[in-house]
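With the hints as your guide, set chains R and S onto chain Y.
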Amino acid sequence: MTVGLLSLVLLGLSALSFILGRQKALASVKGDIRNLHSLPSYCGAGVALFTGIPASLLMIIWLLVQPVLIESHVTDMILPEDIDTGSTRELVMSDVLRIAKGVDVLVARGADEAEITKLINNPAALKTRLADARIALAADINPHVAKAAAAYRTKVATGNNWLAVSTLGLAVAGFLFALMQVKSTFRARNVVEAFVRVLLIGASSVAVLTTLGIILSLVFESWYFFQLYPAKNFFFSLTWAPKFGGGSDLGIWPLLWGTLYVSFIALVVAVPVGLMAAIYLSEYASGRVRSVTKPVLEVLAGIPSIVYGLFALMTVGPFLRDWFAKPLGLGESLSSVMTAGVVMGIMLIPYVSSLSDDIINAVPRALRDGSYGLGATQSETVKQVVFPAALPGIVGAILMAASRAIGETMIVVLGAGAAAKLSLNPFEAMTTVTVKIVSQLTGDTEFSSPETLVAFALGLTLFVFTLGLNILALYIVRKYREQYE
Amino acid sequence: MTKATFRSRKASLLVPDARTKARNASERWFRLTGIAAVSVGILALVFLLGSVLDNGLSAFRQTHIEMAIPLDETKLDVSGKRDPALMAKVTTVGYGKLIQASFQKMLEDRGVDTEKIKPNKLMGLLSKKAAADLRDMVLANPDLIGTTLTFNAMTNGRVDGYFKGRVTLESAERDSNISPEQLRLAQRMADAGVIRTKFNWAFLTNPDASELRPESAGLGVAILGSAYMMMIVLVLSLPIGVAASIYLEEMAPKNIWTDFIEINIANLAAVPSIVFGILALALFVNFLGLPQSAPILGGLVLTLMTLPTIIIATRASLKAVPPSIRDAALGVGASKMQAIFHHVLPLAMPGILTGTILGLARALGESAPLLLIGMVAFVKDYPSSPPNGFFDPASALPVQVYNWTQRSDPAFAERASGAIIVLLLFLLTMNSVAIILRRRFERHW
Amino acid sequence: MDERAKMSARRVQVYYGTNHALKNVDVDILDKTVTAFIGPSGCGKSTFLRCLNRMNDTVASARVEGLIEMDGRNIYDSRVDPVQLRAKVGMVFQKPNPFPKSIYDNVAYGPKIHGLTRNKAELDEVVESSLRKAALWNEVKDRLAAPGTGLSGGQQQRLCIARAVATSPEVLLMDEPCSALDPIATAQVEELIDELRSQFSVVIVTHSMQQAARVSQRTAFFHLGSLVEYGETGTIFTAPNDPRTESYITGRIG
Chain Y
1 MTVGLLSLVL LGLSALSFIL GRQKALASVK GDIRNLHSLP SYCGAGVALF
51 TGIPASLLMI IWLLVQPVLI ESHVTDMILP EDIDTGSTRE LVMSDVLRIA
101 KGVDVLVARG ADEAEITKLI NNPAALKTRL ADARIALAAD INPHVAKAAA
151 AYRTKVATGN NWLAVSTLGL AVAGFLFALM QVKSTFRARN VVEAFVRVLL
201 IGASSVAVLT TLGIILSLVF ESWYFFQLYP AKNFFFSLTW APKFGGGSDL
251 GIWPLLWGTL YVSFIALVVA VPVGLMAAIY LSEYASGRVR SVTKPVLEVL
301 AGIPSIVYGL FALMTVGPFL RDWFAKPLGL GESLSSVMTA GVVMGIMLIP
351 YVSSLSDDII NAVPRALRDG SYGLGATQSE TVKQVVFPAA LPGIVGAILM
401 AASRAIGETM IVVLGAGAAA KLSLNPFEAM TTVTVKIVSQ LTGDTEFSSP
451 ETLVAFALGL TLFVFTLGLN ILALYIVRKY REQYE
Chain R
1 MTKATFRSRK ASLLVPDART KARNASERWF RLTGIAAVSV GILALVFLLG
51 SVLDNGLSAF RQTHIEMAIP LDETKLDVSG KRDPALMAKV TTVGYGKLIQ
101 ASFQKMLEDR GVDTEKIKPN KLMGLLSKKA AADLRDMVLA NPDLIGTTLT
151 FNAMTNGRVD GYFKGRVTLE SAERDSNISP EQLRLAQRMA DAGVIRTKFN
201 WAFLTNPDAS ELRPESAGLG VAILGSAYMM MIVLVLSLPI GVAASIYLEE
251 MAPKNIWTDF IEINIANLAA VPSIVFGILA LALFVNFLGL PQSAPILGGL
301 VLTLMTLPTI IIATRASLKA VPPSIRDAAL GVGASKMQAI FHHVLPLAMP
351 GILTGTILGL ARALGESAPL LLIGMVAFVK DYPSSPPNGF FDPASALPVQ
401 VYNWTQRSDP AFAERASGAI IVLLLFLLTM NSVAIILRRR FERHW
Chain S
1 MDERAKMSAR RVQVYYGTNH ALKNVDVDIL DKTVTAFIGP SGCGKSTFLR
51 CLNRMNDTVA SARVEGLIEM DGRNIYDSRV DPVQLRAKVG MVFQKPNPFP
101 KSIYDNVAYG PKIHGLTRNK AELDEVVESS LRKAALWNEV KDRLAAPGTG
151 LSGGQQQRLC IARAVATSPE VLLMDEPCSA LDPIATAQVE ELIDELRSQF
201 SVVIVTHSMQ QAARVSQRTA FFHLGSLVEY GETGTIFTAP NDPRTESYIT
251 GRIG
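Sequences listed follow chains Y, R and S, in order. Taking our numbering, the leading residue of the first sequence gets 1, the next gets one more, and so forth. Taking our numbering, the leading residue of the second sequence gets 1, the next gets one more, and so forth. Taking our numbering, the leading residue of the third sequence gets 1, the next gets one more, and so forth.
Just chain Y, with the same shape it has in the complex (with noise of 0.2 Å):
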């Protein structure tokens, strides 16, 4: 029985004893509900989940454990002679896997068990088999393989036998446990309540598991990294030159300078322009202006970084190129710091300004009457009392935009370039730790050299880095809040 069958199956059994729990309900009390306890459909809800439930959870750890046990039986069949030079038992193990699921395709296409058995024997006849089913396999077939596979197949097929068979009858037994309990003063109610308030609280903890589950998987990676290559390198050398094949050089350094050299002329870009919008539309704007802008400013941020990346690569890279690099002899490159940092301005001046926005309006109104009652002007107003006010949130606001700044990825891959570089000057191409990521995790990835596995250690790095700041920019928004209300 296949486990989308067995969970349909289960599906129908939840909801027919929701029925049939019901149903006793309602008989309990011989149709008179105002004796129940609880509802008559709580009490066929309370049924369902004892059925459901206790068995759903069995079929999930069962499937989450069965691979595992199965996997460490059969590994134990390859023998050490099985394993070719420079191949690993990972690598056989994937070969095993690859070749029992390949077998599963041949049944499904409708060859027999005897046949299979046949080529289990005769692993190169099993090989022009699969390739005709258009599963390549790189190497002949060792015997062992063959047989290791095929005995992969057996077991997995009695472990969901033996699954189907446990995870029904534990539906069963729940269900007779719950409807025995079904009488007129089953708090069914409080069952089910109990139930769904397990589910809410679980919902919750999903942010808390995903955090968890991005600090264990980069730690983990970087820790397997650190283990093949030196850390005192990778956080103390100034070059970076990824070679595959070994030896390669992977300093962090030319990739912060970059992510920090293009952030920097990022918030060079978005803080004034966003601050100086933000005040103009909170302090001076008349309602219709604000209610016009306000929503293209918004528009500005709901455009998804691809499309800046596509904007910093076609247009505003030539343009800088053109008019800025070759006349000042700066240099001819399209990609370069500048045309990354600039767009990467115009994308966070909606952040920026709709940041400080929230934050100048939450200044009391009280100061600026004051501020006004002496006669101050709207500007002096501004500049003396509002802004200094709120200085703090906007730092925040500025922290959290510089976190954004630094973990943005499509703008720098389009627009920043690919060489790692220490260079002082903006229209060279230059590089990020996001770039890198990219590049070091696409197209061949094989998670044993130092050169993939780097990208874990980078992005460990720009967690800590974007976490950091984020939590600084929200303790101090938070506070300046306090302060006002």
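Hints were generated in silico from the structure; no laboratory data involved. You may find that some hints are simply not true.
[As the list claims (entries may be wrong)] If you want the ones that stay clear, here's a sample from chain S, every Cβ over 10 Å from chain R, calculated:
1. ARG73
2. VAL80
3. VAL140
4. ARG143
[What the hints assert, rightly or not] Incomplete in silico selection of chain Y near chain R, CB under 7 Å:
5. VAL3
6. PHE226
7. TYR280
8. VAL307
9. PHE311
10. MET314
[Stated by the list, open to error] Keeping only pairs whose Cα atoms sit at most 20 Å apart, straight-line, the calculated SDA-like set for lysine to any residue is:
11. LYS120/S / GLN384/Y
12. LYS101/S / PRO364/Y
13. LYS294/Y / ARG31/R
14. LYS383/Y / LEU32/R
15. LYS21/R / LYS120/S
16. LYS383/Y / LYS319/R
17. LYS183/Y / LEU16/Y
18. LYS112/S / LEU32/R
19. LYS319/R / ASP358/Y
20. LYS101/S / ALA111/Y
21. LYS127/Y / ALA111/Y
22. LYS294/Y / ALA36/R
23. LYS294/Y / THR91/R
24. LYS336/R / GLY202/Y
25. LYS101/S / ARG368/Y
26. LYS294/Y / ASP358/Y
27. LYS81/R / ALA68/R
28. LYS243/Y / THR452/Y
29. LYS383/Y / PRO364/Y
30. LYS101/Y / THR158/Y
31. LYS294/Y / ILE435/R
Backbone N, C-alpha and C fix where the C-beta goes; we use that ideal spot for every residue, glycine too.
Just chains R and S, lined up with the frame of chain Y:
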């Protein structure tokens, strides 16, 4: 008490003194700076959209050559049994010859001077995909054999580019894929009405194509892939997000654990998207063994990224429902859960939906994490229908854009901008729906 | 018009959007006098006060009609700069609103923006004398660099008065300056108002009739957006002309 010695101000109210004038001037400057800043924002938007439209609108037009092709049974189905397996033995080369013959004949009939151009150069005017298209049509419908088919062949990307101004006679001199001679012939064909420009439906329906056939590259697989991912995001993130918000907003006690969850959500919203890609690679691909390039994988990552947005929006709309509603429900003896699900949640629903649509729109435009999980791979086959299709390789709109920017033929740059237009249209639709929902159902308490 | 009038208002109307908030108000503010505006909430007394230094300009929906003169000049004349006007007509608000700056900078703010002093020494002098006038100097002289927001409520309000006094206004408007203060702080501020009278006119809006009786020489009673009665404080409280004034003073309306 010290006697104050400062200048007294007995100046007239009506005549501003020098200092007031200077202050008012600086006031005007400040205001102008503000206007300038706002204008920079608006101009940036105008330039951005202008550049995308300018580069990309031409992707929706495509030059075609229409010809009548007699589908000769002796060439296409020697056995005469219409058996697809046997018919498949005729390769695209065979169909290419058929096209070539009809093409030459058509030019002759229409009186276009070919200047005795070599046949392979003549065929060079057509998309390399024409023969394959014809073959697919015939194999899909063997009854066509024996009839004369009116066939619409796309022109080659360079010829198409010539009519869009991207390729010139000068650039053709240096181009190994096209010669000025071919372009002049194309011009004569256009003058004779043989080459015609049509709306490019294929751009929206075709799958991606290889480097040599930019003219046939389309967004079909990408749109389908994006749609699948959005389905997954919607189905997963809406219930989880709403459930999490209900717990945090309505039921959770104020303690360290809920504080921790809240900080977590706020931070997750600010984690760089690429980090989610790394998470997906390490957790979903390497650990759980989900297939790369599959919409299920992309959908899961985007769900995790969208959740904070939805949770924040949902909590805001739950908070906007006044406590009196809850009190009223509790007052008639409803349980807390009933008060929430029967009264508070329906009232908060418009806000939740608006937030969800906006979250989906953000997810639709997200590309960085998808690059890492192999969505950038070249996918030529449409994924099958859900749910199995969720596990088939597919592309996604923003990633397709990235993919095309990495190709060297400038025809792909046009396609990339065209794809952006499609993406932006989707986003525009989603945002408009969100705005309409908000306007329509907004409640003021 | 009274000879001693510092400011005079004639037929003043104020609209907030379509709401007619103030109807036909005629008042003369005498020089070196404390004038109290009393009346129930929403009667228009604060609205009228805010017309006197054109603070209503900062409210987008507000529209003021009629004539308000200061020293014989229409303050709503298009040539009048509200900024210059507000330097002459200072204002103290209901809730103390010190800027989030040091005590010193709070008081120095007005003189600085109006350029009233030539150097730091003069500015120091202005700050000191203003704080003295506001009866705050002795309490804060050792911590002028401390933030103004750290003071107690009553001190904050006196700081705001010092801030207003520092620009040497000719008229000082006070919008319920004691409503957020405890009785002791209120007494201090009231005492202060009486001293300030020697230098300029003070207009005070208040809820409390006792306060109006204690501090003011002249009183105006507003009701439902109209000026009901205006005259010597003693007369208003002992022998009001209008039955509405009497009802309010005896606590029957309010």
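query: For the hint on PHE311/Y, does the least C-beta distance to chain R fall short of 7 Å?
result: Holds, because the Cβ-Cβ distance from PHE311/Y to chain R comes to roughly 5 Å (cut-off 7 Å).
message: Need the status of pair LYS183/Y, LEU16/Y: alpha-carbon distance at most 20 Å?
response: holds (18 Å)
field: TYR280/Y as an interface hint toward chain R, with CB separation required under 7 Å
entry: holds (3 Å)
LYS243/Y paired with THR452/Y [C-alpha distance capped at 20 Å]: Holds. LYS243/Y to THR452/Y sits at ~11 Å (cutoff 20 Å).
message: According to the definition I'm using, a residue is off the interface if its beta carbon is farther than 10 Å from all beta carbons of the partner; does VAL140/S meet that for chain R?
response: Non-interface label stands for VAL140/S: nearest chain R Cβ at 16 Å, farther than 10 Å.
task: Would you check the hint for LYS127/Y and ALA111/Y, treating anything up to 20 Å between C-alpha atoms as holding?
output: holds (15 Å)
message: Hinted pair, alpha-carbon criterion (20 Å max): LYS294/Y, ASP358/Y. Please report holds or violated.
response: holds (13 Å)
- request: Given the hint that LYS319/R pairs with ASP358/Y, test it: the Cα-Cα distance must not exceed 20 Å.
  value: holds (18 Å)
field: When the least beta-carbon distance from VAL307/Y to chain R is tested against 7 Å, hint result
entry: Holds: closest Cβ of chain R sits about 5 Å from VAL307/Y, inside 7 Å.
task: Verify the proposed pairing of LYS294/Y with ARG31/R, using a straight-line Cα cut of 20 Å.
output: Distance of about 17 Å is within 20 Å: holds.
message: Holds or violated: LYS294/Y and ILE435/R, Cα atoms, limit 20 Å.
response: holds (14 Å)
- prompt: LYS294/Y and ALA36/R: Cα distance at most 20 Å?
  reply: Within the cut-off at roughly 15 Å; holds.
In the structure shown, a violation is registered for the earlier hints numbered 1, 2, 5, 6, 15, 16, 18, 20, 23 and 27, in ascending order.
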